[in-house]
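There are 2 protein chains.
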Amino acid sequence: VTQKAVRLTKGEDTILLAGGLPAPELFDSEGIAAAFQRVLSDRRVGDHLQYGVPEGSHELREALAGITTRRGVGATADRVVVSTGSQQAVDVVSTALVSPGDVILVERPSYLLALQLFALLRARVVAVRCDAEGLDPDAVEAAIRRHRPKLIYTMPTFQNPSGRTLAAERRAAIARTVEREGVYLLEDDPYSELRYDGSSVPPLAASAPEQVIYVSTLSKVLAPGLRVGWITCPSRLAPVLTAVKQAKDVHCSTVDQQAVARYLGDNDLDAHIRRLRRAYRPRRDGMLSALRLTLGDVAQWTTPDGGMFVWVTFGLPCDTGALLRAGLDAGVTFVPGENFFADRPQRNTLRLAFTCEPPSRIHEGIRRLGSARHRLCGAPRG
Amino acid sequence: VTQKAVRLTKGEDTILLAGGLPAPELFDSEGIAAAFQRVLSDRRVGDHLQYGVPEGSHELREALAGITTRRGVGATADRVVVSTGSQQAVDVVSTALVSPGDVILVERPSYLLALQLFALLRARVVAVRCDAEGLDPDAVEAAIRRHRPKLIYTMPTFQNPSGRTLAAERRAAIARTVEREGVYLLEDDPYSELRYDGSSVPPLAASAPEQVIYVSTLSKVLAPGLRVGWITCPSRLAPVLTAVKQAKDVHCSTVDQQAVARYLGDNDLDAHIRRLRRAYRPRRDGMLSALRLTLGDVAQWTTPDGGMFVWVTFGLPCDTGALLRAGLDAGVTFVPGENFFADRPQRNTLRLAFTCEPPSRIHEGIRRLGSARHRLCGAPRG
Numbered sequence: 001v002t003q004k005a006v007r008l009t010k011g012e013d014t015i016l017l018a019g020g021l022p023a024p025e026l027f028d029s030e031g032i033a034a035a036f037q038r039v040l041s042d043r044r045v046g047d048h049l050q051y052g053v054p055e056g057s058h059e060l061r062e063a064l065a066g067i068t069t070r071r072g073v074g075a076t077a078d079r080v081v082v083s084t085g086s087q088q089a090v091d092v093v094s095t096a097l098v099s100p101g102d103v104i105l106v107e108r109p110s111y112l113l114a115l116q117l118f119a120l121l122r123a124r125v126v127a128v129r130c131d132a133e134g135l136d137p138d139a140v141e142a143a144i145r146r147h148r149p150k151l152i153y154t155m156p157t158f159q160n161p162s163g164r165t166l167a168a169e170r171r172a173a174i175a176r177t178v179e180r181e182g183v184y185l186l187e188d189d190p191y192s193e194l195r196y197d198g199s200s201v202p203p204l205a206a207s208a209p210e211q212v213i214y215v216s217t218l219s220k221v222l223a224p225g226l227r228v229g230w231i232t233c234p235s236r237l238a239p240v241l242t243a244v245k246q247a248k249d250v251h252c253s254t255v256d257q258q259a260v261a262r263y264l265g266d267n268d269l270d271a272h273i274r275r276l277r278r279a280y281r282p283r284r285d286g287m288l289s290a291l292r293l294t295l296g297d298v299a300q301w302t303t304p305d306g307g308m309f310v311w312v313t314f315g316l317p318c319d320t321g322a323l324l325r326a327g328l329d330a331g332v333t334f335v336p337g338e339n340f341f342a343d344r345p346q347r348n349t350l351r352l353a354f355t356c357e358p359p360s361r362i363h364e365g366i367r368r369l370g371s372a373r374h375r376l377c378g379a380p381r382g
Numbered sequence: 001v002t003q004k005a006v007r008l009t010k011g012e013d014t015i016l017l018a019g020g021l022p023a024p025e026l027f028d029s030e031g032i033a034a035a036f037q038r039v040l041s042d043r044r045v046g047d048h049l050q051y052g053v054p055e056g057s058h059e060l061r062e063a064l065a066g067i068t069t070r071r072g073v074g075a076t077a078d079r080v081v082v083s084t085g086s087q088q089a090v091d092v093v094s095t096a097l098v099s100p101g102d103v104i105l106v107e108r109p110s111y112l113l114a115l116q117l118f119a120l121l122r123a124r125v126v127a128v129r130c131d132a133e134g135l136d137p138d139a140v141e142a143a144i145r146r147h148r149p150k151l152i153y154t155m156p157t158f159q160n161p162s163g164r165t166l167a168a169e170r171r172a173a174i175a176r177t178v179e180r181e182g183v184y185l186l187e188d189d190p191y192s193e194l195r196y197d198g199s200s201v202p203p204l205a206a207s208a209p210e211q212v213i214y215v216s217t218l219s220k221v222l223a224p225g226l227r228v229g230w231i232t233c234p235s236r237l238a239p240v241l242t243a244v245k246q247a248k249d250v251h252c253s254t255v256d257q258q259a260v261a262r263y264l265g266d267n268d269l270d271a272h273i274r275r276l277r278r279a280y281r282p283r284r285d286g287m288l289s290a291l292r293l294t295l296g297d298v299a300q301w302t303t304p305d306g307g308m309f310v311w312v313t314f315g316l317p318c319d320t321g322a323l324l325r326a327g328l329d330a331g332v333t334f335v336p337g338e339n340f341f342a343d344r345p346q347r348n349t350l351r352l353a354f355t356c357e358p359p360s361r362i363h364e365g366i367r368r369l370g371s372a373r374h375r376l377c378g379a380p381r382g
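Residue numbers (the numbering used here), protein chains in the order written: chain A, 1 to 382; chain B, 1 to 382.
Take the hints with a grain of salt, since some may be wrong.
Since the list gives no way to pick out one identical chain from another, each pair is judged satisfied if it fits inside one copy or across any two copies.
What the hints assert, rightly or not - SDA-like, lysine to any residue: derived pairs with alpha carbons at most 25 Å apart:
(1) K150 with R344
(2) K150 with G286
(3) K150 with R70
(4) K150 with S29
(5) K150 with G296
(6) K150 with G378
(7) K150 with A96
(8) K150 with D319
(9) K150 with N348
These are calculated hints, taken from the structure and not from any lab test.
Construct all of the structure, not just a fragment, from the sequences and the given hints.
Listed below in structure tokens is the structure:
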């Protein structure tokens with residue numbers, strides 16, 4: 001059913017609060033089309049259709065190193081490996097650093113597709129306690145000492161699924177710990193540029209550049225269909241990550257890489273991101289106000305400063321797997337929380353995405369969700 | 001040094017006989033550019049920039065099922081999973097079917113990047129004896145009984161690196177064996193349409209469709225930079241292969257998938273492949289005649305009916321790793337044979353590619369190779 005909910009993208013009347021999809025009406029289709037056209041009318045087009053190098057085109061790595069540096073993580077092209085979205089970045093890094101049976105520490109809850117990937121790698125996944133400010137540094141330190149993990153996987157900013165952001169002082173504490181303990185930390189950062197409130201918090205990689213591998217993607221800020229993600233790593237890891245990338249799929253589409261490099265050269269991505277922020281902020285606000293109106297008596301939820309997701313926890317017993325079936329019947333989708341737990345799932349949770357529907361439909365979607373919940377689980381007691 | 005040889009693509013005077021690169025001057029750049037332009041000027045362009053489904057776009061899977069069916073393997077779109085080249089197809093299939101410590105049977109020699117991938121999976125790789133006609137069916141059967149492999153990996157047509165083709169009666173025998181023993185066989189078929197002599201041999205998947213997973217790519221017949229490969233599998237495997245593909249990188253570039261589907265709809269790929277065959281056949285012939293002229297006294301080599309590669313075995317002791325250094329100094333590249341062995345390498349072997357240089361430069365390249373060998377290893381005795 002979750003598969004069905006995430007895949008549903010065409011139902012005209014179904015309101016999509018499941019997948020973390022960007023709003024398609026905000027894509028810079030013209031700019032992207034122009035970039036492809038320039039690449040494909042270039043006299044070097046034969047080069048762009050030929051095999052490329054596994055780490056990715058130099059032009060694109062330069063541009064991605066620039067983006068990474070502007071986010072506070074000093075990067076150079078020789079420490080960047082291009083990947084098929086950040087999902088493949090996580091695959092490449094974890095394949096390189098983790099052997100079957102090794103421990104990976106994750107947040108509780110954590111990102112669904114990362115958990116599926118770690119299961120394929122036969123890693124032992126250990127979830128670490130989180131609260132409203134994200135990972136608890138003491139719990140991280142205790143888990144490192146107890147489990148000797150090969151990798152810590154975290155999405156510290158506007159986390160998928162919780163929407164939470166790890167506070168700056170906690171980042172500093174965790175950075176010190178991984179440096180002292182010599183543990184690698186994989187910082188997955190797809191969302192940090194989609195900030196609607198507050199000011200940006202430096203990535204963990206800025207504080208512990210020798211132990212933190214930083215991965216990101218253009219999927220949320222440009223277009224996911226292009227599948228351009230990247231890894232920024234300590235110099236010593238670049239050769240092994242490049243070799244793993246090569247063994248997995250040789251390299252990413254050279255045409256797409258050149259077109260994205262061209263796009264980044266010809267356009268102001270930051271201006272585009274400001275447009276996205278202006279569009280998404282009222283969607284987040286609309287979702288939060290609809291939640292107050294509809295579920296105020298029966299649930300709690302996170303209040304994200306950015307990103308795409310709100311995480312809802314029901315106070316009453318409510319199996320959100322069953323609720324999804326009722327939601328689909330009522331014409332609204334979401335992702336049941338059980339998918340985001342490596343260990344015993346909290347079945348009274350769910351993830352909502354607020355980016356790919358306009359505020360009016362978000363309101364209606366939450367109303368439908370509230371009715372479905374009421375039919376399924378009844379009214380709050382006293 | 002091998003890395004350097006394979007990556008060398010820009011040296012003006014260096015003659016490239018290393019990588020299996022298609023001839024870039026033969027790319028249908030105009031047709032491909034037109035296909036991208038149609039996709040990017042489509043009013044549905046927002047759909048093409050959005051997330052897609054992990055198994056790949058329906059239009060492209062329909063087209064690839066058609067190509068597979070015309071090669072003799074009855075296929076439907078619901079049994080096709082799109083991948084980033086055939087390399088990722090091999091990754092997805094082997095990740096789904098093989099656990100760490102399981103045995104994979106391979107040919108001796110076998111494809112370098114498949115061996116690297118199987119090492120990452122922590123599989124136990126067992127090489128099976130091959131002769132001029134490819135895998136020995138009796139040796140395959142004996143190895144199945146002895147090692148109980150989870151997968152047999154083979155490239156039966158114009159194999160990389162040997163150029164050899166598995167004879168039809170051997171295919172039938174191996175197909176019967178894998179059906180009887182219930183073993184999965186992964187048939188990697190990037191080259192079969194590049195045939196210069198003789199008539200086509202049916203894929204193994206045609207004889208044992210429930211046990212053979214057939215993977216192929218458009219890299220050699222359209223353009224490698226687009227990274228479009230695919231898996232055709234028995235129906236029961238489609239869901240698990242799709243889930244593995246999703247965990248690895250969510251899905252392939254939707255823009256590239258739509259452009260390639262468009263290209264295949266608007267153009268005659270078979271006519272393009274006939275042009276490739278006409279261009280590559282004299283290159284193969286030129287390489288074989290240059291080898292006779294230059295290395296006739298000191299080496300033997302395969303005579304491939306198609307594909308891209310000739311496999312050379314020196315009669316005298318000759319470390320082709322050392323020879324590559326001398327070759328690079330003399331301005332010619334190739335791949336030392338040691339890279340293609342899962343077990344004890346035959347160091348007196350090397351792989352030559354004949355597709356990405358014109359016949360005159362192939363002649364000159366083999367001349368340089370012969371001189372380098374003579375300087376390094378001396379004249380034949382007696």
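Here is what the structure says about each hint:
1. In this homomeric assembly, K150 and R344 come within 25 Å of each other (Cα to Cα) only inside a single copy, at 22 Å, whereas the closest approach across copies is 32 Å.
2. In this assembly of identical chains, the alpha carbons of K150 and G286 never lie at most 25 Å apart, being 41 Å within a copy and 52 Å across copies at closest.
3. Taking the shortest alpha-carbon separations for K150 and R70, neither the intra-copy value of 29 Å nor the inter-copy value of 48 Å comes in at or below 25 Å.
4. For a Cα distance limit of 25 Å, the shortest separation of K150 from S29 qualifies neither inside one copy, at 41 Å, nor across copies, at 46 Å.
5. For the identical chains of this complex, K150 and G296 are neighbours neither inside a copy (42 Å) nor across copies (54 Å), given an alpha-carbon limit of 25 Å.
6. Taking the shortest Cα distances, K150 and G378 never come within 25 Å of each other, neither inside one copy (45 Å) nor across copies (51 Å).
7. For the homomeric pair K150 and A96, the shortest alpha-carbon distances inside one copy (10 Å) and between copies (23 Å) are both at most 25 Å.
8. In this homomeric assembly, K150 and D319 never come within 25 Å of each other (Cα to Cα): the closest approach is 34 Å inside a single copy and 39 Å across copies.
9. With identical chains, the CA atoms of K150 and N348 are never at most 25 Å apart, being 31 Å at best within one copy and 40 Å at best between copies.
In this structure, the earlier hints numbered 2, 3, 4, 5, 6, 8, 9 are contradicted, and the remaining ones agree with it.
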